[in-house]
Structure formats: structure tokens, C-alpha cells
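Required output: the full structure, derived from the provided sequences and hints.
Chains S and V, in that order, are what the protein sequence lines are. Position one of the first sequence corresponds to residue 1 (the numbering used here), numbered consecutively onward. Position one of the second sequence corresponds to residue 285 (the numbering used here), numbered consecutively onward.
Possibly wrong hints are sitting among the right ones.
[As the list claims (entries may be wrong)] So the derived list for chain S, only partly shown, Cβ under 10 Å to chain V, looks like this: (1) 163; (2) 166; (3) 168; (4) 169; (5) 172; (6) 174.
[Said to hold, decoys possible] Capping the alpha-carbon separation at 27 Å, the derived lysine-lysine pairs in DSS-like fashion look like this: (7) 467/V / 330/V; (8) 367/V / 330/V; (9) 182/S / 367/V; (10) 330/V / 500/V; (11) 367/V / 467/V; (12) 500/V / 175/S; (13) 367/V / 175/S.
Hint data in this document are derived by calculation from the structure and do not stem from the laboratory. By construction, the Cβ of each residue, glycine as well, lies at the ideal position given by its N, Cα and C atoms.
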Amino acid sequence: MTAFVEYLLTGVARGLVFALLAMGFVFIYRVTRVVNFAQGAFAVFGGFITYSLLRAGIPQGVSELLAVLAASLIGLIFGVITIAGDIPLLASLIITIGLSILSEAILMLIWGTTPITYSGLTGHDFVILGAFIQRQYLIVVVASLVLFALIALAFGRTYFGKAMTACASNPYAAKLSGINVKRMGLVAFMLGGALGGAAGVLITPLSPMTYDADVSLAITGFAAAIVGGLTSPGLAVVGGLVFGLAEQFVAGYWSPSNETAVALALLIILLLWQARRMRLEGLE
Amino acid sequence: MKLLESVEQPTPNGSIPADALLATYDLVVRYGAAVALDGVSMYVGKGEMVALIGPNGAGKSTLLNTLSGINHPAAGRIVCNGKLAHVPEGRQLFPELTVEDNLRLGAYRGGSRDPSPMYELFPQLYRLRNRRAGGLSGGEQQMVAIGRALMAHPDIMAVDELSQGLAPIVVSDIANHLVALNKENGTAVLLVEQNAQLALDITSRAYVLENGRISKEGRSADLARDPAVHEAYLGGQVSR
Numbered sequence: 001m002t003a004f005v006e007y008l009l010t011g012v013a014r015g016l017v018f019a020l021l022a023m024g025f026v027f028i029y030r031v032t033r034v035v036n037f038a039q040g041a042f043a044v045f046g047g048f049i050t051y052s053l054l055r056a057g058i059p060q061g062v063s064e065l066l067a068v069l070a071a072s073l074i075g076l077i078f079g080v081i082t083i084a085g086d087i088p089l090l091a092s093l094i095i096t097i098g099l100s101i102l103s104e105a106i107l108m109l110i111w112g113t114t115p116i117t118y119s120g121l122t123g124h125d126f127v128i129l130g131a132f133i134q135r136q137y138l139i140v141v142v143a144s145l146v147l148f149a150l151i152a153l154a155f156g157r158t159y160f161g162k163a164m165t166a167c168a169s170n171p172y173a174a175k176l177s178g179i180n181v182k183r184m185g186l187v188a189f190m191l192g193g194a195l196g197g198a199a200g201v202l203i204t205p206l207s208p209m210t211y212d213a214d215v216s217l218a219i220t221g222f223a224a225a226i227v228g229g230l231t232s233p234g235l236a237v238v239g240g241l242v243f244g245l246a247e248q249f250v251a252g253y254w255s256p257s258n259e260t261a262v263a264l265a266l267l268i269i270l271l272l273w274q275a276r277r278m279r280l281e282g283l284e
Numbered sequence: 285m286k287l288l289e290s291v292e293q294p295t296p297n298g299s300i301p302a303d304a305l306l307a308t309y310d311l312v313v314r315y316g317a318a319v320a321l322d323g324v325s326m327y328v329g330k331g332e333m334v335a336l337i338g339p340n341g342a343g344k345s346t347l348l349n350t351l352s353g354i355n356h357p358a359a360g361r362i363v364c365n366g367k368l369a370h371v372p373e374g375r376q377l378f379p380e381l382t383v384e385d386n387l388r389l390g391a392y393r394g395g396s397r398d399p400s401p402m403y404e405l406f407p408q409l410y411r412l413r414n415r416r417a418g419g420l421s422g423g424e425q426q427m428v429a430i431g432r433a434l435m436a437h438p439d440i441m442a443v444d445e446l447s448q449g450l451a452p453i454v455v456s457d458i459a460n461h462l463v464a465l466n467k468e469n470g471t472a473v474l475l476v477e478q479n480a481q482l483a484l485d486i487t488s489r490a491y492v493l494e495n496g497r498i499s500k501e502g503r504s505a506d507l508a509r510d511p512a513v514h515e516a517y518l519g520g521q522v523s524r
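Shown next, in the form of C-alpha cells:
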């Protein structure tokens, strides 16, 4: 029972981190139709930048926030490279893979190949239903929920958020209304960068970050995003939770080395299910 | 929205008045190797209602999309001395967003985002304001599309296929609204229509576009009596 509660809570926390990554995929895809395979790199940058800022003596909280802003800026740069100009969609897709590889090289040059970590906000760990839970997991849950709420507010209540949804809903009509769809795509990349950065910032204290973690992070985030057909932020959160829980239960009750295999198997099943659902709904 | 300043230049088509609200001069638009518009010169005067009729694929929608800056001309000029709003073919609403959000987004370029004037114009939209636009009937969607365009406070509205997929009674209701708007607010209208009868009935001037070229132009009433126009566009015409 104790173990179960522990796996459940850590699974939820890690699931929310995957959900942040997944939402990055979703927001970028909705506006630009680009599947951004460099999404994991934002998280790696987020983790490493926080690490360096903390070591430079910048206080906790500030470091994390700055790292998210930096990741957002990297998102903007990636966006400019990926969608500026009249690049065919397929080329944009390949560019994001290139950017992912380039990021690894840059990360390795700056920070080397040693995994890094830092402690999250200081404070006591706590016990829930007999399970010993690191405080960072609680921080992850609260921070993710606050971010989701902010996003829901921004898209549900603000004019700018509605305009962004309009770009996803009908780019042609959005252009006719005077919305600059390309610029909205760059805003989506900034948002994706910030969400990815936040994921990295939150997860690094829980599992050490390496320069080449971006691919596995991107695959998990993509898999979670696929649950909502890459277009539904809400279902992306559900997808993230499914993967987080599956990962923790597999690692806990079976073996940590099977984590990735199970995640990939789940991804394949989801893709097959999606393809079937799309066919049934007559989409594409 | 293209706003190219008119420069003094002899125009091949001398019939375009200098104070036209919207004018195109020898407009050429290509899709790759295909020529969609092949030297189109036309104009809409201030407060005027003008029809653009012609068969499918003649380039009518291409012309409108070029006026709105979606397509770029390969040659020729567009002069627009006012604000143009485009009601596109097939309504093209934002289906996931509410009626009210659709209307409000029409004011994206600036001006008041208050949609209440549209509810005065189309009272039935008021009770639908919190419904998703995608769930509305065709006629209601067309009202939202026109309302969204009007939110930009245009001097000229380009309306593409007003009657498409609508019941005749709905078409005449919405057409009456357009005529009223034109009379009361002086909003000029460029109406692209498959239903030539309707278009020639409510406009004062018309162009016939065929194969990317203006093949005929003149007063709508005269064109309606023109045997060739009658044969091609009015004979046995059934509105869809």
C-alpha cells in the first residue's frame, strides 16, 4: 500500500511534467502544424540554465524563472529558424530534428557530458498515507497546476488568446481578420519553449539531467500529446498522466529498465488507436 | 489590406474614375504556371453596390483574395482608398469559438470590440452569442460572417457567394440586410455570386468575369437584359 501511494504520487508529478512538454507540442502544432521534435531540448536547456544560475548564486525561484524565460527565448529562436520564410511543412519538421541535434552539441560544449542536478526549493519532505514523498514532487504538482490554470485563463478569457485559437481553428479566416498567423506561430514557439523549460526546471531535481535527454523527453511529450491528436491541451494532460503513472508503476513493480520500452509500446498502441479513430471520424 | 497610393499614370482602362473607393488596374494573378486573373481592371465607387458574376473557376474568389492580400498579384495594381472587409466563400468562421468571439475577432485590426451593434443588426445572433459558431445553421453562420466583417468598420465589403447553400428565403433576408447596410451606412459592397439573378437585382453595376478576364461590364439592369448574359447566367438559373 505504501509503495502504491508512492508510485501514484510520483507518477502524477512526473506525468504533469510530461503534460507540460505535451502542451508545448500541442500549442506549436495547433498554430503552425509543425511537430516540434526539438521540444525536449527546451527542457534540457531549462534544467542546465537553472543549474548554472543557482551555482552563480542567483536565489532559488529567480533562477528557475529566468531559466523558463531563457527557454522561451530559445523557443522563439527555434521558431524563427523553423517557420520564417515559406518553408514547406515537411522541411520545417526536419529542421526541428536538426535543432534537437544541434542543441545536444551546444549543451555538450557548454556543460559537458556529466549529468547535473540541483535541489529544489528547500523544505521538509513529507509523509502521505505512510509513503515518504520528496517535497519537490509537491512543488511539481502545484507549479504545473498553476501553469495549466494560467494557460486556461489566457486562452479562455483574453482577446489575444482567442486570436491564437482562431489561427489554429481557421488560419485563412484569421488572416482575413488581420491576424498575423506567422507571428502567432512564433508566439506559440515561445509558449512551447516556456512550457518545455518549465518541465526541465521542475524535473531536474528529481532525476539528473543530461545533455542528451531531449530525445527521450520529446518522445514522452509527443506520446502524451498524441492522446489528444496533437490538438487538445486537455487530453495532452491526460496523456501525460497516463505516461507518468505507467512509468512509475513499471519501474516500481517491474524494473526501471523497462520504463522506456513500456512508454514506447504505449505510444505505438496510442498511434494505432489514433489512426483508427481518425479513419472512423473520416478525418484525413 | 493593400493600400497602395495611386500615382498619376495613364490607365489603359479610362473608365475608372479617379475617386474610386477600390480599383484594380490590369491585375494579373498566377498560381504557378496557371493564370488565374489575366489583366483585370475594375472598380467600386464610394457607397456603390457592384456585382461580380461568372462561371465557376473564372477567378472571382481569386480576385477577392487578392484584394484582401491573401494572394499577391504578379502584375498590375490595386488602389484601395478605404477599409476593406472580406466575407469569404463558405463563411469560414472559427467553429470552436463562440458567436460573440467570432464577432469580436473581426475588430482585430482595431476599433471597438463591442459586438452589440451586430446584435441590433441581426437580433437572432444575440440569443446565440454563447453558442459555438460551428453548430449554427448556414444562414446564421452567414450572419456571423457578415457581422464579423462589419466589426472592422469597413468602407467596402467584399462578399463571396452570399447565397451558397442557403434556402431562398434566408438568402433574400440576408440580401436585404446588405442593401439596408449600403443605404443606411453607405458601406460599398462588392458581391460575388453564382446566383446572377440575385446579384444583378440588388446591385447597380456589374462585371462578368470569364477565364480570368472581364468579358462584360455595365449597369446591372442592362446586363440582366443582355442576351448573352441571360443565356449563360440567368436562363433556367436555379439557386442552390
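Evaluation of the provided hints:
Given hint, residue 163/S at the interface with chain V, holds; its Cβ is 6 Å from that chain's nearest Cβ, closer than 10 Å. Taking 10 Å as the C-beta cut-off, the interface hint given for residue 166/S holds, the closest approach to chain V being about 5 Å. The criterion of a C-beta within 10 Å of any C-beta in chain V is met by residue 168/S, whose closest approach is roughly 8 Å, and the hint holds. The criterion of a C-beta within 10 Å of any C-beta in chain V is met by residue 169/S, whose closest approach is roughly 4 Å, and the hint holds.
Interface restraint check for residue 172/S: the shortest CB-CB distance to chain V comes to about 6 Å, inside 10 Å, so the restraint holds. Using the Cβ-Cβ criterion of 10 Å, the hint placing residue 174/S at the interface with chain V is satisfied: the shortest such distance is roughly 8 Å. Distance restraint check for residue 467/V and residue 330/V: the Cα-Cα separation of roughly 12 Å lies within the 27 Å cut-off, and the hinted pair is therefore satisfied. The straight-line distance between the Cα atoms of residue 367/V and residue 330/V is roughly 12 Å, inside the 27 Å bound, and the hint therefore holds.
With a CA separation close to 22 Å, the supplied pair residue 182/S and residue 367/V stays within the 27 Å bound. With a C-alpha separation of about 21 Å, the suggested pairing of residue 330/V with residue 500/V holds against the 27 Å cut-off. Simply put, residue 367/V and residue 467/V have alpha-carbon atoms about 18 Å apart, close enough for the 27 Å limit, and the pair holds. With a C-alpha separation of about 31 Å, the suggested pairing of residue 500/V with residue 175/S is violated against the 27 Å cut-off.
Our distance criterion of 27 Å between C-alpha atoms is met by residue 367/V and residue 175/S, whose separation comes to about 15 Å.
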